[in-house]
Amino acid sequence: MDGQAIVDRIIADAEEEARAIIGDAENKAAKTISEANERADRVKTGTRAEVADKVRAISDGKSATARLDGAKILLGEKRAVIDEVYARALKGLTELNEGDSLYLLNALLSEFADEGDEILFASNFRFAEKAASLEAVKLKKLKVSAKRADIDGGCMLIGEKCDKNLSFGALLAADRDKYQAEIAAAIFGVTD
0 MDGQAIVDRI IADAEEEARA IIGDAENKAA KTISEANERA DRVKTGTRAE VADKVRAISD
60 GKSATARLDG AKILLGEKRA VIDEVYARAL KGLTELNEGD SLYLLNALLS EFADEGDEIL
120 FASNFRFAEK AASLEAVKLK KLKVSAKRAD IDGGCMLIGE KCDKNLSFGA LLAADRDKYQ
180 AEIAAAIFGV TD
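Numbering (numbering that gives the first Met the number 0), first residue to last: 0 to 191.
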């Protein structure tokens with residue numbers, strides 16, 4: 000073999016080896032790209048699922064918050080209606096006519112007064128002078144005070160052992176504590 004043939008052979012072998020190296024590199028590059036694309040697809044799928052879960056959680060949270068806020072508003076409005084019912088009841092009690100007012104006072108004194116208690120009427124109680132002639136006042140030897148109390152109608156009993164608040168406001172507050180659920184059920188058709 001002559002020198003040129005050897006050189007040509009070396010060049011041909013080198014070119015073939017270079018093609019093999021390039022082919023291997025291209026195969027490795029294609030495999031690396033394929034693996035990277037698969038990893039990217041898995042990450043993308045996982046991220047989409049994570050985003051969907053977060054969107055669902057945020058949506059559920061916002062829905063729950065909206066339902067809770069709506070329930071709070073509704074409860075507030077229901078309480079406002081009950082407040083108005085009791086405000087009207089208080090107004091009605093303070094505006095009772097003489098006969099009804101004295102009848103109610105006599106019943107309250109009969110039930111709650113102890114012998115010798117002093118009656119301190121509300122500043123807006125219009126029939127204090129006539130109350131001295133009530134049966135309960137005479138039977139229980141109650142004293143009618145000339146002083147007036149700053150209460151919501153009715154009276155206070157000042158006693159030796161204890162004082163009792165028989166103001167219309169206090170009586171209605173006790174009534175509300177006891178019957179509010181029943182009143183709400185009657186008005187709103189619910190039991191809360």
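Among the hints, erroneous ones may be present.
[Stated by the list, open to error] Listed next, with one range per pair, are the computed distances between beta-carbon atoms:
# : residue 1 : residue 2 : range
1 : Lys-142   : Val-80    : 52 to 62 angstroms
2 : Asp-82    : Gly-60    : 28 to 38 angstroms
3 : Gly-75    : Asp-40    : 45 to 55 angstroms
4 : Ala-48    : Ala-11    : 23 to 33 angstroms
5 : Glu-114   : Thr-64    : 26 to 36 angstroms
If you are wondering where the hints come from, they were derived from the structure by calculation, not from laboratory data. All figures in this text were calculated on a predicted structure; none of them were measured in a lab. Note that CB positions come from ideal geometry on N, CA and C, so glycine has one too.
Status of the hints after comparison with the structure:
For Lys-142 and Val-80, the Cβ-Cβ distance of about 41 angstroms falls outside the hinted range of 52 to 62 angstroms, so the restraint is violated. Between Asp-82 and Gly-60 the Cβ separation comes to about 32 angstroms, which falls inside the hinted range of 28 to 38 angstroms. Against the hinted window of 45 to 55 angstroms, the Cβ-Cβ separation of Gly-75 and Asp-40 comes to about 52 angstroms, which satisfies the hint. Between Ala-48 and Ala-11 the CB atoms are about 55 angstroms apart, so this pair departs from the stated range of 23 to 33 angstroms.
One distance hint, 26 to 36 angstroms for the beta-carbon pair Glu-114 and Thr-64, is violated here, with the actual separation near 59 angstroms.
Hints 1, 4, 5 from the earlier list are contradicted by this structure; the remaining hints agree with it.
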